[in-house]
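S.K.: Use the sequences and the hints to build the structure in full.
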Amino acid sequence: MAADAGTATAPAPAPLLEARGLSVEVGTHRVCTGLGFALRAGERWGLLGANGSGKTTLLHTLAGLRAPQAGEVRLDGLPLAALAPRRRALRLGLLPQEHEDAFPATVAETALTGRFPHLGRFGHAGAADRAAVEAALAATGLAAHAQRQVATLSGGERRRLGFATLLAQDPAVLLLDEPTNHLDLGYQVRLLDALAARVAAEGRGWIMVSHDATLVARFCTHVLLVYGDGRTATGGPQLLCPQQLSALYGHPVLRLDGPLGPVFAPG
Amino acid sequence: MLAALVAFALAAASGSTPIPLARLPAALAGDGPAALIVRELRLPRAFAAFVTGGLLALAGALMQVLLRNPLADPYVLGLSGGAAVGALTMLLAGLAGVWVDAGAAAGALAAVVLVFGLAHGREAWSPLRLLLTGVVTAAGWSALIALLLALAPDRALRGMVFWLLGDLSAAARLAPAALTLAFGLGAALLLAPRLNVLMHGELAAASLGVAVRPLRLALYALASLCAAAAVTVAGPVGFVGLVVPHGVRLAAGSDHRLLLPASALAGGTLLVLADTLARTAIAPQQLPLGAVTALVGVPAFLWLLNRGRHGG
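Listed in order, the protein sequences are those of chains C and W. Numbers -19 to 247, taken from the working numbering, label the letters of the first sequence in order. Numbers 174 to 485, taken from the working numbering, label the letters of the second sequence in order.
No lab work stands behind these hints, which were simulated from the structure alone. Even for Gly, the Cβ is constructed at its ideal location relative to N, Cα and C. Fair warning: there could be bad hints in the mix.
If the Cβ cut is set under 8 Å, some of the chain W residues that face chain C in the computed set are [what the hints assert, rightly or not]: (1) Asn369; (2) Ala384; (3) Ser427; (4) Arg430.
M.R.: The structure is reproduced here in structure tokens:
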């Protein structure tokens, strides 16, 4: 081994996140069987599937929050299941589909929870943590609302706070579960544009569950289709064609050519 | 902290032999009947009230974040019912003192284990499942309590009813409860940063690197331990565990590193005041402590609810 070290070419860096022979089931429902793909630095994956096909379940499995029936997920080349939760959270973050706020808390306090994996044993937030929260609130248009109670936010503002919490967490792998829920058109594009730029510039990667093939075509470099019967397909944006999408949704899908790229509409 | 000291002073000064506040230091240091009353009777009782209130408020705050339900209190999972059945059985058998305490502790433990076993089925336990299991077993305990009361002879009945309303007049053997409070508060403070994340949901907590399952177990065990210790000392005193964490959240926010110790302090203070009121309001008759705290707690809780409705 040591003798080879000088002559061997540098190995390609491990993918940020990799699924190997991944099989996921919920009860008797098969989400995927033997799924394999790799999320590499700078890549943005869109995950599409019909209602109840298991997109969120698959995303949670990729996040290490649920064990697969077979196969494994690797983060930075290491088996996700063997990583301590806090170490995992330093590299991988999830924007959940819904947010739960049972108790009063301010916008800034909630965004600060994203810093949890960075904090010490007694949970003391330092200057770096506060700076990260401030930057995250500014990036999501919430800077002026830092001291507001979360319960007073609108649905879209709460969603932006979810984004801010994820930005404060600062992970390399971003798993986004229907990130544009509740967001108006302007924020959909501005937030994803800004995040896509950071993913490209900082060697991060995202996997985004979405119902909007047009949005995926515009913001993603790769596509993962989940058919709901265990079959999956992975590939480049060429997978986003009327035949594939019509089969995916069991409903005809039309492709229109817009000025910024393809637009998909139900037929 | 200051309020707690004032409450202790009031508790020491008030009673059938009033001792002016100005003479308290002298009474504490000196000899004579006043010193005896303060040192041997009033301060230990105030201390018992403080420990009980602290335990209940701490247990309530922990139970609320475990179930992510602001309406949870230390007894929501049926712990007080189990303790009551244990204690009343001992009273019915004509036993007293340490036997009643032992019965209460054993009943509380049985209730905790029962709910845990039932809720921890094949599927993961959701807070809702835990809550429903607790509420249903609590109803079962209530039926048993009614049965015990119906069967009880008249001479045992008064003691049983007083136990059910919460009563500090028989409080003795405080050391275990005081140690439980110290241990519970220390352990809770270690968990506090994780609780700040857990209060936004288990999914959020898990994705931020909290090992949720062991945390849930620790919370359940810790809240149950504190509530069981409180019930053993004073019987099922209501409302402290529900109302105090709410009041502290409104005054000081939801950061558990502050919320937990502040709740323990405020709960202890409230119960010292309530107990002072209970034994002086229509002295020499003593009012049941549980009734007094509920009389204070009901309007306080309604006020909080109304305040919440106007956004805040």
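S.K.: Give a verdict on every hint.
M.R.: Hint check results:
1. Asn369: holds (6 Å)
2. Ala384: Because about 5 Å separates Ala384 (chain W) from the closest Cβ in chain C, which is inside the 8 Å limit, the hint holds.
3. Ser427: holds (5 Å)
4. Arg430: holds (6 Å)
In the structure shown, no violation is registered for any of the earlier numbered hints.
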